[in-house]
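Residue numbers (the numbering used here), protein chains in the order written: chain A, 10 to 144; chain B, 10 to 144; chain C, 10 to 144; chain D, 10 to 144; chain E, 10 to 144; chain F, 10 to 144.
Each hint should be verified, as a subset may be incorrect.
No copy labels: a pair is met if it fits in one copy or bridges any two.
[Said to hold, decoys possible] Under the rule of at most 25 Å between Cα atoms (straight-line distance), these lysine-lysine pairs were calculated in the DSS-like manner:
1. K42 / K82
2. K82 / K125
3. K11 / K125
For the record, the hints were derived by calculation from the structure and aren't laboratory data.
There are 6 protein chains.
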Amino acid sequence: MKAYLGRRWRFASSHRLHAESLSASENASVYGKCNNPHGHGHNYTVEVLVGGEVDAVTGMVCDLVELDRFAQKHVLEAYDHQNLNTLDVFQNLVPTTENLCREIYRVFHEGFTAAKVERVRVEETSNNSFEYAGE
Amino acid sequence: MKAYLGRRWRFASSHRLHAESLSASENASVYGKCNNPHGHGHNYTVEVLVGGEVDAVTGMVCDLVELDRFAQKHVLEAYDHQNLNTLDVFQNLVPTTENLCREIYRVFHEGFTAAKVERVRVEETSNNSFEYAGE
Amino acid sequence: MKAYLGRRWRFASSHRLHAESLSASENASVYGKCNNPHGHGHNYTVEVLVGGEVDAVTGMVCDLVELDRFAQKHVLEAYDHQNLNTLDVFQNLVPTTENLCREIYRVFHEGFTAAKVERVRVEETSNNSFEYAGE
Amino acid sequence: MKAYLGRRWRFASSHRLHAESLSASENASVYGKCNNPHGHGHNYTVEVLVGGEVDAVTGMVCDLVELDRFAQKHVLEAYDHQNLNTLDVFQNLVPTTENLCREIYRVFHEGFTAAKVERVRVEETSNNSFEYAGE
Amino acid sequence: MKAYLGRRWRFASSHRLHAESLSASENASVYGKCNNPHGHGHNYTVEVLVGGEVDAVTGMVCDLVELDRFAQKHVLEAYDHQNLNTLDVFQNLVPTTENLCREIYRVFHEGFTAAKVERVRVEETSNNSFEYAGE
Amino acid sequence: MKAYLGRRWRFASSHRLHAESLSASENASVYGKCNNPHGHGHNYTVEVLVGGEVDAVTGMVCDLVELDRFAQKHVLEAYDHQNLNTLDVFQNLVPTTENLCREIYRVFHEGFTAAKVERVRVEETSNNSFEYAGE
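Just chain A, same shape as in the assembly:
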């Protein structure tokens, strides 16, 4: 029997959307108000969906404490109360929520081994969400 577990965490960050390879007017056109030079910010919600066999003895897909510890160390400590543009990973990558999703997926996919990481979903506002599933 395979089940899925979705776990959510929240962090607050700022960012500015600006691509170095585009001109000022192209950046303004592509990103609109998100290109504002002083930046802006969001309360991000990230949900990681992991899947796996339900253990016959414990009745669990994986240990939530372990999942929380991984997220705390690799996601919350990296992003919470930070300006995304100043982080190493976004030096050559625009910190759109699409790219943030992909990066969080990569970190879980490479480092979290207790269950299969199926999908990462990031909500940027209550009206916007982004998903990446490794395709």
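Chain A is fixed; fit chains B, C, D, E and F onto it per the hints.
Same frame as chain A, but now just chains B, C, D, E and F:
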């Protein structure tokens, strides 16, 4: 790399569920209180999920401003503060949320070309939601 | 010791905002898209706040089952899946949410005696709410 | 045309996570604070997703009233305001939310025939959710 | 200038409503399904509202970190993943949410001195909330 | 008859909490991670509560369209997708949410005349909210 973007909008409409080809008692039986002749209404939330390659330069699946403009013109202006039963599209189609989902999918699928429309989801109340994915 | 208990219920109704004593153009100006002749609708959430001494034996302000039964009979049966404009109480009263609040307050105030009705709050959408406290 | 309908219900239960085949220290290690001998509890939200052809006449996947009646009888009456550990189904099965999901899926899958049961999702808290889709 | 700060925390507990001084049938009548001998549980949300002068230098009513530390030590460690009926404070007090509110108010009122505790609000479910303001 | 209307809007901004008159270590101590030099951000929700007589003809406290237009011009255009620290009003005022509340209250109080501004509430995250009522 393929990512997905979900965007939500809200509109307030009224409707009455009533099929012309059914008798009064069949309508009452099938639709219950939703068959009340004077109608009732809902705050609908519609979420469109679009998918596509994340652009290597912009880091985006598609332009949100463009998606919003399409929804404003083709969904919100059509449905917000309207009685669904009076609209052309529901003259021969009962305005259930299943049919509303299908119609919004059709409109996006035919007219929105900046990314692939994967799925339309409409929440009728906080306890009911409907999805259509073109199957 | 005085405590307060807030209880919420939901109903779905349609309405049209239109004042008989105003001209067509005045109605259009005052109510905007809410004056649309065919009506529109909402999922309303009503919260009644009651207050009273916490009973030393039971530890309760009042019996929730009794409060629910009152709301079911006097609010939900009256309004759920109805067109507010067709109801007796709104024959000479525009069914704005302000008036809906006042009417629900009146019904609780006159009929519910197990605790003091402090305030009625109605949410028309996730962004709009109205309150009446008997002032 | 195939559409999907998601319907949500809520119930409040208590449970204790404890596997008979594990030692006291193993239980403490696996379940942490959820192994507290006196139990704890949650407001669970269950969402059942059903899918099927949209009926050409009624415009519906299935009758919501029938779906609600089934859930009321087989889920809410079984679990609401109960201690999960005392129920027959959890005598030899740890009442984790993974196992709760599977059990609710089984009940719907075996007994609800008006539409295909695609997936059962249970939210244990606002940050935790579990899904089972019969795999 | 006086401002107010509301801060929310969540905990999951079980309880049984049962008054020692009432007979079995009285308990069943007063508490209904909440009197179930095996108990049930909730995800509680507690919000403490504190008020005070906004400091002219820091722009703050009080230090959130201090408020969180107090809540962690005196509320979350006391109640989270516990059976309320087993706790000292509820040995002679029915663990209704009214009494839980009063107890949390008392703890903050007596021990938290960085700002005035104005009100404690506890949500038992998404439809029920209770408040106590020291009256 | 006096009723109250609460209206909510959302904006996304970044800020850094740092008081010029404090030393680096004092700032670090007072603001913790909010003092991070590169800033961070939030999705802010602002709710303005206005009160007034319900007009006997229109059934309304005030015109929602007018209220929205005022908020759009004086709040959303000022703050949305901005870095609060770069704005004139926060040149000598730390952009805490307490001060943001007071400033939005001041703007409404001085400029919005169609109803009495009773209170401004700003939610910084789903767990934090601030209120100012002109005291």
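ask   = Tell me, which hint numbers fail for this structure?
value = Every hint satisfied by this model.
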